[in-house]
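Chains as they are written, first to last, in my numbering: chain A, 14 to 514; chain B, 398 to 719.
Simulated from the structure, these hints should not be mistaken for lab results. All residues carry an ideal CB built from backbone N, CA and C; glycine is no exception. Among the clues, some could well be false.
In silico DMTMM-like cross-links for lysine to aspartate or glutamate, where the CA-CA straight-line distance does not exceed 25 angstroms [claimed, not checked]:
hint, chain 1, residue 1, chain 2, residue 2
1, B, Lys466, A, Glu302
2, B, Lys670, B, Asp682
3, B, Lys616, A, Glu459
4, B, Lys509, A, Glu302
5, B, Lys466, A, Glu459
6, B, Lys427, B, Asp484
7, A, Lys259, A, Glu302
8, B, Lys530, A, Asp151
9, B, Lys614, A, Glu459
10, B, Lys678, B, Glu706
In silico contact screen, one side only, chain B against chain A (beta carbon under 10 angstroms); selected entries [said to hold, decoys possible]:
hint, residue
11, Pro426
12, Gly439
13, Gly470
14, Pro483
15, Ala506
16, Leu511
17, Pro533
18, Gly595
19, Pro675
Listed next, with one range per pair, are the computed distances between beta-carbon atoms [unchecked claim]:
hint, chain 1, residue 1, chain 2, residue 2, range
20, A, Leu46, B, Lys662, 54 to 64 angstroms
21, A, Ser472, B, Lys545, 43 to 53 angstroms
22, A, Phe144, B, Asp631, 34 to 44 angstroms
23, B, Lys670, A, Gln23, 34 to 44 angstroms
24, B, Arg612, A, Ala484, 45 to 55 angstroms
25, B, Lys545, A, Leu266, 53 to 63 angstroms
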Amino acid sequence: MSFSFDHLIQGFATALSLQNILWALIGCFIGTLVGVLPGIGPASGIAILLPLTTVLPPTSAIIMMAAIYYGAMYGGSTTAIVVNIPGEASSVPTAIDGYEMAKQGKAGPALAICAISSFVAGTLGLIGLTFFAPLLADVAVVFGPPEYFALMFMALTLIISLSGRALLKGVISMALGLLTAMIGQDPLTGAARLTFGFPKLLAGVDFISVIVGLFAISEVMVNVESRITAISQKIGSWMPSWADIKQCIGPMLRSTGVGFFLGLLPGVTPSVTTFVAYDLEKRVSKTPERFGHGAIEGVAAPEGANNATSTAGFVPLFSFGIPTAPSMAVLLGGLMMYGLQPGPMLFKTNPEFVWAVIASMYIGNVMLIVLNLPLVGMWARICVIPFYILGPLIVFFSVLGTYSIRFLAYDVWVMTLFGVIGYFMRKFAYPIAPMVLATVIAQMMEMSLGQSMLMSQGSIFILFTRPISGAFMALAIASIIRGIWLQMRTHAPEVALEEVD
Amino acid sequence: MKRTAVGILVLFAALAFVWAGAANAADFPKKRITYNICFNPGGESDITARIQEQALKKNLGVDVSIQYKIGGGGALCWSELVGSPPDGYTIAGHNLPHTILQPMEMGDAGYKTLDLKQVYMFESTPNVLMVRKDSPFNTLKDFVEYAKKNPPGVVTVGGSGSSSANDLGTAMLSKAAGIKLSYVPFGGTGSAVPALLGGHVTALMSYSPMVIQYRDKFKFLAIASEKRMDVIPDVPTFKELGYDIVEGAYRGVAAPPGTPDALVKILADAFDKTMKDPEVKKKMDQNGFKTEFMGPEESLALVKKKTAEYEAIMKELGRMKK
Numbered sequence: 014m015s016f017s018f019d020h021l022i023q024g025f026a027t028a029l030s031l032q033n034i035l036w037a038l039i040g041c042f043i044g045t046l047v048g049v050l051p052g053i054g055p056a057s058g059i060a061i062l063l064p065l066t067t068v069l070p071p072t073s074a075i076i077m078m079a080a081i082y083y084g085a086m087y088g089g090s091t092t093a094i095v096v097n098i099p100g101e102a103s104s105v106p107t108a109i110d111g112y113e114m115a116k117q118g119k120a121g122p123a124l125a126i127c128a129i130s131s132f133v134a135g136t137l138g139l140i141g142l143t144f145f146a147p148l149l150a151d152v153a154v155v156f157g158p159p160e161y162f163a164l165m166f167m168a169l170t171l172i173i174s175l176s177g178r179a180l181l182k183g184v185i186s187m188a189l190g191l192l193t194a195m196i197g198q199d200p201l202t203g204a205a206r207l208t209f210g211f212p213k214l215l216a217g218v219d220f221i222s223v224i225v226g227l228f229a230i231s232e233v234m235v236n237v238e239s240r241i242t243a244i245s246q247k248i249g250s251w252m253p254s255w256a257d258i259k260q261c262i263g264p265m266l267r268s269t270g271v272g273f274f275l276g277l278l279p280g281v282t283p284s285v286t287t288f289v290a291y292d293l294e295k296r297v298s299k300t301p302e303r304f305g306h307g308a309i310e311g312v313a314a315p316e317g318a319n320n321a322t323s324t325a326g327f328v329p330l331f332s333f334g335i336p337t338a339p340s341m342a343v344l345l346g347g348l349m350m351y352g353l354q355p356g357p358m359l360f361k362t363n364p365e366f367v368w369a370v371i372a373s374m375y376i377g378n379v380m381l382i383v384l385n386l387p388l389v390g391m392w393a394r395i396c397v398i399p400f401y402i403l404g405p406l407i408v409f410f411s412v413l414g415t416y417s418i419r420f421l422a423y424d425v426w427v428m429t430l431f432g433v434i435g436y437f438m439r440k441f442a443y444p445i446a447p448m449v450l451a452t453v454i455a456q457m458m459e460m461s462l463g464q465s466m467l468m469s470q471g472s473i474f475i476l477f478t479r480p481i482s483g484a485f486m487a488l489a490i491a492s493i494i495r496g497i498w499l500q501m502r503t504h505a506p507e508v509a510l511e512e513v514d
Numbered sequence: 398m399k400r401t402a403v404g405i406l407v408l409f410a411a412l413a414f415v416w417a418g419a420a421n422a423a424d425f426p427k428k429r430i431t432y433n434i435c436f437n438p439g440g441e442s443d444i445t446a447r448i449q450e451q452a453l454k455k456n457l458g459v460d461v462s463i464q465y466k467i468g469g470g471g472a473l474c475w476s477e478l479v480g481s482p483p484d485g486y487t488i489a490g491h492n493l494p495h496t497i498l499q500p501m502e503m504g505d506a507g508y509k510t511l512d513l514k515q516v517y518m519f520e521s522t523p524n525v526l527m528v529r530k531d532s533p534f535n536t537l538k539d540f541v542e543y544a545k546k547n548p549p550g551v552v553t554v555g556g557s558g559s560s561s562a563n564d565l566g567t568a569m570l571s572k573a574a575g576i577k578l579s580y581v582p583f584g585g586t587g588s589a590v591p592a593l594l595g596g597h598v599t600a601l602m603s604y605s606p607m608v609i610q611y612r613d614k615f616k617f618l619a620i621a622s623e624k625r626m627d628v629i630p631d632v633p634t635f636k637e638l639g640y641d642i643v644e645g646a647y648r649g650v651a652a653p654p655g656t657p658d659a660l661v662k663i664l665a666d667a668f669d670k671t672m673k674d675p676e677v678k679k680k681m682d683q684n685g686f687k688t689e690f691m692g693p694e695e696s697l698a699l700v701k702k703k704t705a706e707y708e709a710i711m712k713e714l715g716r717m718k719k
């Protein structure tokens, strides 16, 4: 893929036609709506709306699809902040601080920072994509199974900072998450585990049902028990203050970097990078004890990473023709509908098309912020709705969204079960985030470990002898040791002030 | 009291939603059909589905939603399929030999081969052994010699799935050449290819479409078909190089057990029209697929024939369960 101003300008010219702007607008709006429903993420959103796009000329169709994609990502964060229902796994870290802010009447600033952070990350990510795609793609293939495992393992050590003071509880939560993820089939061989002979359990436990249960349902239960009248009593201003924004510049830039580079690796999804970015901010912050209680950086970071990772996902797609996530594949399907050969040849055979897509992604980013900032006030008002109406509505949408994943009532029961589990976890102050992180990471981690062992004929040292995986493992182990040491020093100010979500 | 009433009302609304309508053969299909793909995006199953998508929607008259259910080399997806309602609205791409070998090798793969109701078999792709352009092997002979000189397991061969065509192909080569290749399964061709690009495995036992896509990045040592494929005439067959290996994957779609024959026929006809669509045919050929046109009865006959063949091969390789 070679960069050429000519092509880019041409791309913009196509993307900026009045017609295409209109389609981008519609796409963003519909995407946001779809993303707001728990359980329906960008992939399903695009899939559902794909037929709409077939009546359009190819370029317009792709522009609309990209806009839907961005919109859906944003929608997921909205519900995470306003009612503590993460739209998909990548919105979970946003919910941690975002919901706290909502309870304090600051849902407006939280939502706005989401949009702003996403915009900054998306724009920077696109610049990276435009200028550096071929180089970056080559970097990404250096990651093989041992590197993936080491990266995932390091991500798990984030548990330590996510657990705050209650390290043991955090580890238990993580273990529960890993156990849940193991129900079903072994990712490498397909052998059945923890199914107790129930064929239904072979399909495993869908982690969206788990997340919706753990967050939304248990939250409703807790709220009902404490008889709150509404999530927040007052609404502050709906825009963040300049001080807030200044505070978030660092997080936005760092999370973009982290999100983008990790997102280059096929298989690393926003769900992972948002956690990594959140943790990075917490470690880098001078006041980490604010995280978990409504720190605005805690919203800016995951949102930036989210968008950066999604953008980075296009690099393997354009350079190798390999879609790294289901939502990418849907977009690829869209490309194929128009007679484009998937694969490394795409740039050579149809450069003008690809550049039009890239240009439209810039437009999509702008569109999002233009569309959503004014609507922030509207979304924020949801928090003041009396809970006896809002609560059942949350349950309704949770059931709807969870059912729509696979149209199985089974998933709804799983959601309910995890709602109860989540309720007890909250009662006994067990952190929920580690469980979610573990569930999301488990399959890839296990598969990579299996593949690495096959590559090394059973020797675990392969993880340490290769430079990249060795570095990650070292970081991970150092993290663990430090975490345990901090726990031992029970009078350490950091640990004592860290609380659980 | 008012609050409880409102709450209960809303909850009833939710339950009512869940009680969605059932399907009826006379006017099938009347809503969206879910087409499950059992492997990573970017692999052959995915590419084929994308090629079929448009024509399929036209021939079925409804929307087709492509979903991914990745894991266990396809076993996750197929075991889910057999548990899905047999109303014709859920189908899944399925592969031979995977769906024959997995139950044989694993004992409990979550499904039985004959549980999958055959709808249509639309393509086949022979195995191809490939290495990176910068690798020291130029011919299959170089590769085999290297494997002989080194301890078992040093030469790693990546592929899509376990108990799959790639897996079996690697095992058959090991046996025929008297070498010990270590097979590393990936979630699909889409994730196996980056592994070879990055040099994490020595070679890849993959499928013919990859020859077309990665022409300028890989060298292709041999293809496991009866004779050379027209679209890639410079890849020698294993047969002509002295190894009697003809193996690859057949791909088709299947429905849950108990799906009424009438619905299966409607689906099969739609796929048949789709595969005969000139646009589809062109793309299939261009991409290195061999199109097949097998309806439900023919597909079932193929499955039974292959099952008998594989039983013998698996016993020989010592991989039968129990």
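>> Given B:Gly470 as an interface hint, is its Cβ closer than 10 angstroms to any Cβ of chain A?
In response: holds (6 angstroms)
> Is the interface hint for B:Leu511 satisfied, with its Cβ closer than 10 angstroms to some Cβ of chain A?
Replying inline: violated (16 angstroms)
> Is the distance from the Cβ of A:Ser472 to the Cβ of B:Lys545 consistent with 43 to 53 angstroms?
Replying inline: violated (22 angstroms)
>> Tell me if the straight-line CA distance from B:Lys466 to A:Glu302 falls inside 25 angstroms.
In response: violated (40 angstroms)
> Keeping to a limit of 25 angstroms between CA atoms, is the pair of B:Lys509 and A:Glu302 held or broken?
Replying inline: Between B:Lys509 and A:Glu302 the Cα gap is close to 54 angstroms, so the pair fails against 25 angstroms, i.e. violated.
> Taking the closest Cβ pair, is B:Ala506 under 10 angstroms from chain A?
Replying inline: With Cβ-Cβ at 6 angstroms, under 10 angstroms, it holds.
> Do B:Lys670 and A:Gln23 keep their Cβ atoms within the hinted range of 34 to 44 angstroms?
Replying inline: holds (39 angstroms)
> Within 25 angstroms, alpha carbon to alpha carbon, are B:Lys427 and B:Asp484?
Replying inline: Roughly 11 angstroms separates the two Cα atoms, so the pair holds.
> Is the straight-line distance between the alpha-carbon of B:Lys530 and that of A:Asp151 25 angstroms or less?
Replying inline: Answer holds: B:Lys530 to A:Asp151 is near 15 angstroms, not above 25 angstroms.
> At a threshold of 10 angstroms, is the proposed contact between B:Gly439 and chain A supported by beta-carbon distances?
Replying inline: holds (5 angstroms)
> With a cut-off of 10 angstroms, does the beta carbon of B:Pro533 approach a beta carbon of chain A closely enough for the hint to hold?
Replying inline: Cβ of B:Pro533 sits 19 angstroms from chain A, so the hint is violated.
> Are B:Lys670 and B:Asp682 close enough, with their CA atoms no more than 25 angstroms apart?
Replying inline: holds (17 angstroms)
When the structure is compared with the earlier hints, violations turn up for hints 1, 3, 4, 9, 10, 11, 14, 16, 17, 19, 20, 21, 24 and for no others.
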